[in-house]
Amino acid sequence: MHIDFHQRVFLDPWFITGFFLAVLFAFATILGPPLAPFDPWDMSFVPISPPSATHVLGINDGGQDIFSELFYAIRNTVTFGLACGLISLFIGAILGVIAGWMGGIVDMILMRVADILLAIPAIMILILTASLFRPSPWVLALILAGMMWPTISKAIRAQTLTLKESLHVKAAAQIGASNWYIIRRHLMPEMFPLYLIGFAAKARMAMFMEASLAFLGLFDPSRKSLGMMIAFAVKYYYMDIWWNWLLPPIICLSLLIMAVTFLAISLEKVLDPRLKEALGS
Amino acid sequence: MIAYTKQPIKRRLGPVISFGLAALGMIYLSYSLPRLLPGDFVTAMYSSSHVTLTAEQEAELRAYYTEEPGFGSYLLKLARLDWGYSYAFLTPVSELFFSALPWTLLLLGTANILSMLIGFVTGVEAAWRRESPFEKGMVGGMTILEGIPEISTGIILLVVFAFHLQWFPAAGADTAYAEASISARLATIGHHLVLPLVTLVLAYFPGNFLLTRNSMMMVIKAPFINTAKAKGLPARRIRYAHAARNALLPLVTRFGLRLAFMITGALVVEKIYSYPGLGMLLINAIQARDLPVIQAVVLFSSLIVLTIILLLEFVYRIIDPRIEHAH
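Protein chains in written order, with my numbering: chain A, 1 to 281; chain B, 1 to 327.
Some clues are possibly wrong.
Derived Cβ-Cβ restraints for the label pairs, each shown as a range [to be verified]: (1) L13(B) - P34(A): 42 to 50 Å; (2) D42(A) - G141(B): 39 to 47 Å; (3) F133(A) - G70(B): 22 to 30 Å.
Hints are computed from structural coordinates only; laboratory data are not their basis. Since we're looking at a predicted model, the values are computed, not measured. From the three backbone atoms N, C-alpha and C, an ideal C-beta is built for every residue, glycine too.
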């Protein structure tokens, strides 16, 4: 899996576009609170007023500044997606390597559990827990990550099985290296490209899920989210607010999902050895 | 000889067992999670209602609702379609469920079949014409479309075609109380179906296209395609009978993996167009905190999904005979 991936990936226009957009969203996420001109929970403005010099995108039905809301909404969606992607990558990588390296009964049990989790629609579990217990977004991110790891661990297990046969790993085992040592020093670092592919795919799915859950009204209504902003703006469509209230969160959400999609597709194209060979370029 | 005949049966049972376990897991979750809720049903239902209960009535109700049915009798009740009563509509949950199910099946079924067909054919043709403007344009366009979530396409189509141009109805699946002939009724149903269907097809088909094109690219390089060409077979026959048949496999295997996305998208689309399917039933139930309905819709739609994935597992064996003889 040794690929001069820095060079290849930065030549792909999709990667460059996705990366550029991702950097923009990273700025909005990190610098959101200082950049936002108003407190997004401040309800002291005139409700549903059109954009003005002080309120760039106007005021929503609750008397809150839409531009400031947007920053906090992006922040929530992005952190949810990244957290979820990281946790599922962590679980998936560890369980995948263990299943591949140990083999036998451990492998069988882990992969059976993965099959079961793959078959259950995650959104239904999220809806059930969200509507019954109203947990914090972090708990939901954790549950979602707990349902998303199987695809990552299957890819990593398959790669571990091929690595297991390679000479340097066999040599390490002959010298008497412990399981944990081989996993940590020889197996885990070699699968870096797989982590990137898995993380990008899962972060994309998590952001999509977050926006949808918020749109369906399953999060705390005081938590700013792109999906929730869209759901509220549609209700006031007749007020002619579509360009300053409805459109901005739609554009932000689409660009955000696009950024992650471009990164995921381009990483897969460059890093997946089978695909790379077939696509040539 | 004995080992040879026994193995396929064992392998055939593998997926059935893991899907059975997944189904049991889902049923157990839907049984146990509501029991972990703080407080009890009587307080939740009557504390905010206009009815004032005497202490005696309250004790009786509490005794009735805290009766522990046990997991076994819960299973029996599920099988008998005795899913309790909706708090909000006061009708049996199964009645609500089965009146919403056909709409969801209609919408999701047509969307999936259409996006599979379009995605597959365009994917095969694009891979065959590699490096052509058609292929490059399609790949670019589809990658962008893949990045636009259903929320965005749905709202934009709703605003443009239903609110602004008023070409299509903005909500519902059928015109209520219209006494029309069957053909007129089918026409209105079709008219209502257009916008949600287009939204879902736009969401599903880029994924199908990209998958088909990528796997076609791999298949086209295989030696047997050269053999077919050398035999002088017509191009269309090579494309579909030789290459595309093998490129079909990932489309089926990845279907299960993409279902999580698809169902989430379908929920969103049903909400945007107020389409009276299971998604809308679920969303209304969430807003009313109508627990029996939430429980039933979540459980049974998951069971339907499980069955579909299990069936695909067998379809996959039929279209790829290698699996039966693997290992």
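Verification of the supplied hints:
At roughly 60 Å, the beta carbons of L13(B) and P34(A) sit outside the given window of 42 to 50 Å. Distance hint check for D42(A) and G141(B): the Cβ-Cβ separation is about 42 Å, which falls inside the suggested range of 39 to 47 Å. Evaluation of the 22 to 30 Å hint for F133(A) and G70(B) yields a pass: the beta carbon distance comes to about 23 Å.
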